[in-house]
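**Student:** Chains as they are written, first to last, in our numbering: chain H, 258 to 663; chain B, 258 to 663.
One or more of the hints may lead you astray.
Pairs involving identical chains hold if they fit within one copy or between any two copies, as the list cannot separate such chains.
[Unchecked claim] In the EDC-like style, the derived pairs of lysine to aspartate or glutamate whose C-alpha atoms are separated by at most 20 Å in a straight line are:
1) K544 to E608
2) K626 to D410
3) K287 to E618
Everything labelled a hint here was simulated from the structure, so no lab data went into it.
2 protein chains.
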Amino acid sequence: MTISPLAPDAFPTLPEIDGVRFASGAAGVKYKNRKDVMLVEFTAGTSVAGVFTRSATRSAPVLDCQSKLGGSLSSTDRAAILVNSGNSNAFTGSAGEKSVAAICETVANATGIPKSRIFTASTGVIGERLPHDKITTKVADLAASLSPAGIEDAANAIMTTDTFAKGSSAEVLIEGKTVKITGIAKGSGMIAPDMATMLVYIFTDAKIEQPALQALLGALTDQTFNCITVDSDTSTSDSLMVAATGASGVDVTDSAGFTQALHGVMLDLAHQVVRDGEGATKFVEVKVTGAASDAEARRVGLSIANSPLVKTAIAGEDPNWGRIVMAVGKSGAQADRDRLSIKFGDVMVAENGWVSPNYSEAAGADHMKQQNILITVDLGIGGGMGTVWTCDLTHGYITINADYRS
Amino acid sequence: MTISPLAPDAFPTLPEIDGVRFASGAAGVKYKNRKDVMLVEFTAGTSVAGVFTRSATRSAPVLDCQSKLGGSLSSTDRAAILVNSGNSNAFTGSAGEKSVAAICETVANATGIPKSRIFTASTGVIGERLPHDKITTKVADLAASLSPAGIEDAANAIMTTDTFAKGSSAEVLIEGKTVKITGIAKGSGMIAPDMATMLVYIFTDAKIEQPALQALLGALTDQTFNCITVDSDTSTSDSLMVAATGASGVDVTDSAGFTQALHGVMLDLAHQVVRDGEGATKFVEVKVTGAASDAEARRVGLSIANSPLVKTAIAGEDPNWGRIVMAVGKSGAQADRDRLSIKFGDVMVAENGWVSPNYSEAAGADHMKQQNILITVDLGIGGGMGTVWTCDLTHGYITINADYRS
Numbered sequence: 258m259t260i261s262p263l264a265p266d267a268f269p270t271l272p273e274i275d276g277v278r279f280a281s282g283a284a285g286v287k288y289k290n291r292k293d294v295m296l297v298e299f300t301a302g303t304s305v306a307g308v309f310t311r312s313a314t315r316s317a318p319v320l321d322c323q324s325k326l327g328g329s330l331s332s333t334d335r336a337a338i339l340v341n342s343g344n345s346n347a348f349t350g351s352a353g354e355k356s357v358a359a360i361c362e363t364v365a366n367a368t369g370i371p372k373s374r375i376f377t378a379s380t381g382v383i384g385e386r387l388p389h390d391k392i393t394t395k396v397a398d399l400a401a402s403l404s405p406a407g408i409e410d411a412a413n414a415i416m417t418t419d420t421f422a423k424g425s426s427a428e429v430l431i432e433g434k435t436v437k438i439t440g441i442a443k444g445s446g447m448i449a450p451d452m453a454t455m456l457v458y459i460f461t462d463a464k465i466e467q468p469a470l471q472a473l474l475g476a477l478t479d480q481t482f483n484c485i486t487v488d489s490d491t492s493t494s495d496s497l498m499v500a501a502t503g504a505s506g507v508d509v510t511d512s513a514g515f516t517q518a519l520h521g522v523m524l525d526l527a528h529q530v531v532r533d534g535e536g537a538t539k540f541v542e543v544k545v546t547g548a549a550s551d552a553e554a555r556r557v558g559l560s561i562a563n564s565p566l567v568k569t570a571i572a573g574e575d576p577n578w579g580r581i582v583m584a585v586g587k588s589g590a591q592a593d594r595d596r597l598s599i600k601f602g603d604v605m606v607a608e609n610g611w612v613s614p615n616y617s618e619a620a621g622a623d624h625m626k627q628q629n630i631l632i633t634v635d636l637g638i639g640g641g642m643g644t645v646w647t648c649d650l651t652h653g654y655i656t657i658n659a660d661y662r663s
Numbered sequence: 258m259t260i261s262p263l264a265p266d267a268f269p270t271l272p273e274i275d276g277v278r279f280a281s282g283a284a285g286v287k288y289k290n291r292k293d294v295m296l297v298e299f300t301a302g303t304s305v306a307g308v309f310t311r312s313a314t315r316s317a318p319v320l321d322c323q324s325k326l327g328g329s330l331s332s333t334d335r336a337a338i339l340v341n342s343g344n345s346n347a348f349t350g351s352a353g354e355k356s357v358a359a360i361c362e363t364v365a366n367a368t369g370i371p372k373s374r375i376f377t378a379s380t381g382v383i384g385e386r387l388p389h390d391k392i393t394t395k396v397a398d399l400a401a402s403l404s405p406a407g408i409e410d411a412a413n414a415i416m417t418t419d420t421f422a423k424g425s426s427a428e429v430l431i432e433g434k435t436v437k438i439t440g441i442a443k444g445s446g447m448i449a450p451d452m453a454t455m456l457v458y459i460f461t462d463a464k465i466e467q468p469a470l471q472a473l474l475g476a477l478t479d480q481t482f483n484c485i486t487v488d489s490d491t492s493t494s495d496s497l498m499v500a501a502t503g504a505s506g507v508d509v510t511d512s513a514g515f516t517q518a519l520h521g522v523m524l525d526l527a528h529q530v531v532r533d534g535e536g537a538t539k540f541v542e543v544k545v546t547g548a549a550s551d552a553e554a555r556r557v558g559l560s561i562a563n564s565p566l567v568k569t570a571i572a573g574e575d576p577n578w579g580r581i582v583m584a585v586g587k588s589g590a591q592a593d594r595d596r597l598s599i600k601f602g603d604v605m606v607a608e609n610g611w612v613s614p615n616y617s618e619a620a621g622a623d624h625m626k627q628q629n630i631l632i633t634v635d636l637g638i639g640g641g642m643g644t645v646w647t648c649d650l651t652h653g654y655i656t657i658n659a660d661y662r663s
């Protein structure tokens with residue numbers, strides 16, 4: 258597997274979070290000779306929040322997590338997350354639910370954590386029974402090897418078609434004390450259902466009640482992970498969870514500094530997922546302003562970011578602004594040809610219903626040769642704005658997705 | 258340009274329609290050494306109906322056609338359509354409107370037809386001024402060479418990236434008399450804005466008032482051209498017009514036979530557009546039944562047909578039914594994992610929330626090797642149904658769209 262040209266130089270050094278311990282191991286669910294299971298354990302009283310795929314055909318682990326988070330999670334108990342790669346346990350009928358129950362039971366027995374506080378996720382091929390015995394036989398070893406230092410191995414264990422492990426962190430000073438946040442993610446396509454689901458786990462020693470953490474997570478997800486797309490396909494397994502151990506003793510409820518730091522970690526991980534988009538050679542930011550509302554701005558941004566013709570033009574380094582006009586037009590958002598303007602980087606391309614009088618194709622082409630592309634669209638209608646991130650659509654995407662199983 | 262492997266053997270022999278005359282010529286708008294303009298003239302009293310792209314950034318010719326069709330078109334005058342390829346006259350500001358006016362003026366002068374009955378369309382690159390002088394200098398020659406026999410040349414003149422000219426016809430016996438329908442289309446991608454807009458022109462000697470023809474056209478479009486997709490991108494120039502000369506003397510208002518025949522011609526042309534989809538190697542029918550409503554069935558069908566992961570799996574001849582489950586799940590339509598069933602051709606693949614007990618991967622793979630693929634999805638919820646047609650997503654699509662301008 259060639260590492261994405263858009264990958265960071267190396268996995269970052271992440272601080273340890275007081276109250277969070279990691280273990281990972283090789284269960285051989287599907288992959289040979291690599292780690293494919295991670296177990297994370299949280300100290301007593303940790304607040305756990307989560308957001309999940311909206312797919313109508315979501316996986317058994319997702320349904321189980323949602324039902325557990327639906328109850329009250331302000332608990333004095335410890336908590337745990339177990340994730341496997343290689344099989345998504347999605348569309349596996351009632352056998353899928355039994356696998357989840359068996360894994361939770363085993364983790365509960367090995368750790369003493371109540372089942373209601375044990376969350377799981379699975380990512381990999383769908384429609385095949387999860388061989389959960391391969392996982393449950395490893396749980397005791399995992400529980401025995403938990404360590405605050407194991408986050409990088411955990412990030413590697415949850416990968417499928419990812420070409421690099423994804424991590425991020427932030428530290429923020431609140432009331433004279435340092436609050437730490439770390440996070441890991443997997444994803445390589447906004448989402449492919451059977452090889453490239455997005456999973457994200459974020460850990461912090463901040464103190465915050467579960468309902469407040471859940472509300473914050475929902476709001477920040479809308480500005481980060483819900484603003485990325487690789488191929489417009491939505492997984493049956495997407496899961497994003499945040500665990501706040503409270504070990505720092507710093508209450509971050511309504512803290513602007515904590516919100517900003519958490520947003521930064523989430524956006525960094527979201528960008529890393531795009532940078533590992535299947536076949537990606539360009540990282541693209543689409544900024545929309547002047548829309549009738551923020552929702553309409555995001556609609557236009559996603560219409561541009563999901564357009565195969567826009568994405569192939571970027572792959573070809575072609576400043577084909579006509580395709581941006583097309584994507585604005587088809588979005589369904591309010592737009593007016595004569596008020597629309599389009600920029601590539603700092604280059605004004607189109608305005609007042611036509612190509613800009615000062616635009617030169619050479620200037621547009623220069624921007625398209627960059628690895629990081631910025632497309633700015635102003636609709637000239639109102640004050641709505643939004644930003645979306647995506648990658649280009651290349652021969653590499655076709656090769657990965659048309660050839661891998663046949 | 259290699260002809261699509263899904264193309265028909267030859268352009269069909271189309272009957273002449275009484276009251277319709279064609280001319281075509283080489284104006285050199287963009288292409289050299291080929292015909293790029295067609296003129297069609299209709300006898301006095303012809304009913305003309307049309308449906309057009311819903312894009313918010315639609316082209317000047319589309320806006321002009323819509324405004325003319327908005328008025329009463331039950332007229333005793335003759336009518337005409339002029340189409341050029343090579344430049345779409347879209348996103349060309351007020352210059353675009355002036356080009357349309359200049360062309361209509363010239364056609365009016367050369368033919369004596371009132372401007373309110375002259376319709377135009379343009380297809381090709383967007384954002385560049387249409388050099389309409391190249392067209393207007395040819396109009397007198399075109400008007401002088403009108404002939405009932407010129408339909409195949411006309412079908413060729415409107416092509417852009419199409420690899421074959423598209424024609425279809427039907428004859429239907431009503432009250433002992435024969436009514437004829439012919440049609441031509443261009444399109445090679447459900448739509449690319451600057452190289453592959455869909456244009457369709459249908460001609461009949463049936464007698465029908467304009468409002469009834471317009472209503473019929475709208476209803477049949479929903480079952481045909483609105484059920485095809487190549488790449489989910491919507492053109493700024495899509496135009497579909499039907500002209501009924503009345504020369505047969507047969508009133509077809511509310512005639513089931515005529516409706517069926519017109520539906521057949523429209524569906525055949527719609528399928529030919531898919532068969533010429535950019536890079537296509539497979540023709541795919543997606544049939545959805547058991548949905549909560551017909552609209553939900555089409556929503557599921559289009560979610561499957563537009564999914565890059567489904568389309569690449571088909572390109573790879575991979576019976577990857579998990580991706581169908583994913584596309585059903587993300588559609589937003591009501592669905593239930595345990596009631597969903599999926600078939601490839603006659604092969605039951607998934608049912609009761611899991612893979613079918615009798616399914617063999619070899620049987621699924623056999624169907625995927627066919628050139629014509631049938632995917633049937635039953636949602637098991639209600640009586641809604643719908644069918645959508647598409648093609649696969651291949652390296653050919655990337656090559657055409659990422660490489661052609663750079």
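**Student:** Evaluate each hint against the coordinates.
**Tutor:** Hint check results:
1. K544 to E608: So K544 and E608 pass the 20 Å test inside one copy only (16 Å; across, 43 Å).
2. K626 to D410: neither (35 Å within a copy, 41 Å between copies)
3. K287 to E618: Intra 49 Å, inter 18 Å, cutoff 20 Å: inter-copy only.
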